[in-house]
Amino acid sequence: MNKASFVFSDGQLGYKFSDTHPFNQKRLVLTADLLKSIGALPDSAIVRPRMATDEELALIHDERYIEIVKKAGRGEVTADIAENYGIGTEDTPIFPDMHEASAMLVGGTLTAVDEVMEGRARHALNLGGGLHHGFRGKASGFCVYNDSSVAIRYMQKKYGARVLYIDTDAHHGDGVQWSFYDDPDVCTVSIHETGRYLFPGTGAITERGSGKGYGFSFNFPIDAFTEDESFLEIYRTGVREIAEYFKPDVILTQNGADAHFFDPLTHLYSTMNTYREIPKLALELAEEFCDGRWIAVGGGGYDIWRVVPRAWSLIWLTMSGQPLPAGPLPEEWLDKYGPESPVPLMPDWEDPDPLYEPIPRKAEITEKNRHMMDKALHIIRSEQKHRE
Amino acid sequence: MILEEIMSAEVYTLAPEDSIRDALRLMEEKKIRHLPVLSGDGSLAGVVTDRDIKEAVPSTLIGKQESDLYETPLSDIMTRNPMVGHPLDFVEDAAVLFYETQIGCLPVVSSGKLVGIVTETDLLYTYIELTGASQPGSQMEVRVPDEPGVLFGVTKVFLGHNANVLSVLVYPDKNSSDHKVLVIRVKTMNPLPIIEDLRKEGYEVLWPNVPGINR
Numbered sequence: 001m002n003k004a005s006f007v008f009s010d011g012q013l014g015y016k017f018s019d020t021h022p023f024n025q026k027r028l029v030l031t032a033d034l035l036k037s038i039g040a041l042p043d044s045a046i047v048r049p050r051m052a053t054d055e056e057l058a059l060i061h062d063e064r065y066i067e068i069v070k071k072a073g074r075g076e077v078t079a080d081i082a083e084n085y086g087i088g089t090e091d092t093p094i095f096p097d098m099h100e101a102s103a104m105l106v107g108g109t110l111t112a113v114d115e116v117m118e119g120r121a122r123h124a125l126n127l128g129g130g131l132h133h134g135f136r137g138k139a140s141g142f143c144v145y146n147d148s149s150v151a152i153r154y155m156q157k158k159y160g161a162r163v164l165y166i167d168t169d170a171h172h173g174d175g176v177q178w179s180f181y182d183d184p185d186v187c188t189v190s191i192h193e194t195g196r197y198l199f200p201g202t203g204a205i206t207e208r209g210s211g212k213g214y215g216f217s218f219n220f221p222i223d224a225f226t227e228d229e230s231f232l233e234i235y236r237t238g239v240r241e242i243a244e245y246f247k248p249d250v251i252l253t254q255n256g257a258d259a260h261f262f263d264p265l266t267h268l269y270s271t272m273n274t275y276r277e278i279p280k281l282a283l284e285l286a287e288e289f290c291d292g293r294w295i296a297v298g299g300g301g302y303d304i305w306r307v308v309p310r311a312w313s314l315i316w317l318t319m320s321g322q323p324l325p326a327g328p329l330p331e332e333w334l335d336k337y338g339p340e341s342p343v344p345l346m347p348d349w350e351d352p353d354p355l356y357e358p359i360p361r362k363a364e365i366t367e368k369n370r371h372m373m374d375k376a377l378h379i380i381r382s383e384q385k386h387r388e
Numbered sequence: 001m002i003l004e005e006i007m008s009a010e011v012y013t014l015a016p017e018d019s020i021r022d023a024l025r026l027m028e029e030k031k032i033r034h035l036p037v038l039s040g041d042g043s044l045a046g047v048v049t050d051r052d053i054k055e056a057v058p059s060t061l062i063g064k065q066e067s068d069l070y071e072t073p074l075s076d077i078m079t080r081n082p083m084v085g086h087p088l089d090f091v092e093d094a095a096v097l098f099y100e101t102q103i104g105c106l107p108v109v110s111s112g113k114l115v116g117i118v119t120e121t122d123l124l125y126t127y128i129e130l131t132g133a134s135q136p137g138s139q140m141e142v143r144v145p146d147e148p149g150v151l152f153g154v155t156k157v158f159l160g161h162n163a164n165v166l167s168v169l170v171y172p173d174k175n176s177s178d179h180k181v182l183v184i185r186v187k188t189m190n191p192l193p194i195i196e197d198l199r200k201e202g203y204e205v206l207w208p209n210v211p212g213i214n215r
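As given, the protein sequences belong to chains D and B, one line each in that order. Numbered by this note's numbering, the letters in the first sequence go through residues 1 to 388 in order. Numbered by this note's numbering, the letters in the second sequence go through residues 1 to 215 in order.
It should be emphasised that the hints constitute simulated quantities derived from the structure, not laboratory data. Every value quoted in this text rests on a predicted model; they were computed, and no experiment measured them. Cβ atoms here follow ideal geometry from the backbone N, Cα and C, with glycine treated the same way. Do not rely on the hints blindly, as some may be mistaken.
[What the hints assert, rightly or not] Lysine-lysine pairs mimicking DSS-like chemistry, simulated, CA-CA at most 25 Å apart:
1) B/K31 with D/K212
2) D/K280 with D/K3
3) D/K336 with D/K16
4) D/K336 with D/K26
5) D/K36 with D/K280
6) D/K212 with B/K30
7) D/K16 with D/K36
8) D/K375 with B/K31
9) D/K36 with D/K336
[Claimed, not checked] Listed below are several chain B residues computed to face chain D (Cβ distance under 10 Å; list not exhaustive):
10) A133
11) G137
12) M140
13) E141
14) N162
15) P193
Could you put together the complete structure from these sequences and hints?
Take a look at the structure:
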């Protein structure tokens, strides 16, 4: 087994907007339990997250904003002031102690970073992180503090590392992209459903960075109804070429699991096949370029019963060098959560084939995605030619 | 909106005596394609575009000839008496002018002096902002009957969800002349409850709207 750390504690479950909000950290418990019930998550691999300090949050966030979040969590902010900071909205409602809960998720990602960068583990996973929409001075899209942005800046300062950030959430990783838009030592890559309909709307291939950071921001907006093969073609080709070009010291992957056909918020048609492949390439590239240094975080994922636990388990299993399971899910887990789930749980690690009716315009969608990728990669391909 | 709100007030200009070489250098340095040419008294003498220059200098395919042509004064190639705009002109009218006359830039002149310039790119960006695409949000299309009060009914649903509307565009419905398509951008990552209520109210919601595919 590779030495890998799984960052988790009940303290991460306090990030809770309401019972009906689509962002639900119950996912963390469901995933950890699924892994435990197949004997893949020994207690010795679990590391308790710490809370991020105010100074660490201020690596990215405005101090004024941090103060407002603290006050909001104590019920001391009026609605109109809160709204200026993106909180108290339907997307990101105020909840008790929201500062502490949000700082806990950031701290979890910093814990994962330290595990890897200080050599206690080759890889580390913090499924409580991945809140990629958080901005410098504003909450957005279910995200208060941006753990990945803070962690990247932290790795730059503390370890002098060049970081490759790979975001496979179905939504554009806007918060992280804008944090490092003019920084040539951080390369951000986001594969997402085009912003034509989907939040946040940004993430066009033309968003390539600015100033010295030009050419270090990559976007692959794929069409609604994109399926496994096309998603993976873009992911494998795009991410590998970018890694070869950028030559990172460490890789941080954001693993939103909301590109799945079942996800209620998006229109992509991935199946579990995609989630089997995503961590494999991340591991391969980390071994090839970064002496194994790979930190993975969670992200979106709004079908918390049928999709997220299986998808996120595969990240841990890949990371810790265990064989990927096939066939039925453990009965113990199905029996425990079946009654609570509003939808019938999926019985197997794989999705049934086929999972959905064939898509009428599949060939055109695949072709369009390929065109998009060629355009997005043109900048590094032409430079490569130049060098030859 | 009026032109002075979207124009660039910092304008790079040259004089009629300046050469093609000067113009090329300035365009390259500032990454621009249009240069107003000013007379000694500050009045607008003409406009030189990258296209005027391309037409005037020899093809790069001919090889590296040192050509005197690069020393030609701009007064020989510029468009004299170009169309100009006024700071108080409406953006919509300027857009029609660009579309109909296929110009690439519009110098903005007030009291005989150049005060700004508007290019195709400025106009395009204005329209991008109009669609709300520069702020985080979700977009949906709602097909509605073309009759009074419909917009009120639709926006009431958004109010019910305390959802901030970033932009509303109204398109004609290509398939039916008594319907319109509202394209609404709303500041939320989770538009599902809104969509559900719009459907309950009897509106047809297209999210996403890809011809040939129904979800």
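**Request:** Check each numbered hint from earlier against the structure, then list the numbers of those it violates in ascending order.
**Result:** Violated hints: none; all satisfied.
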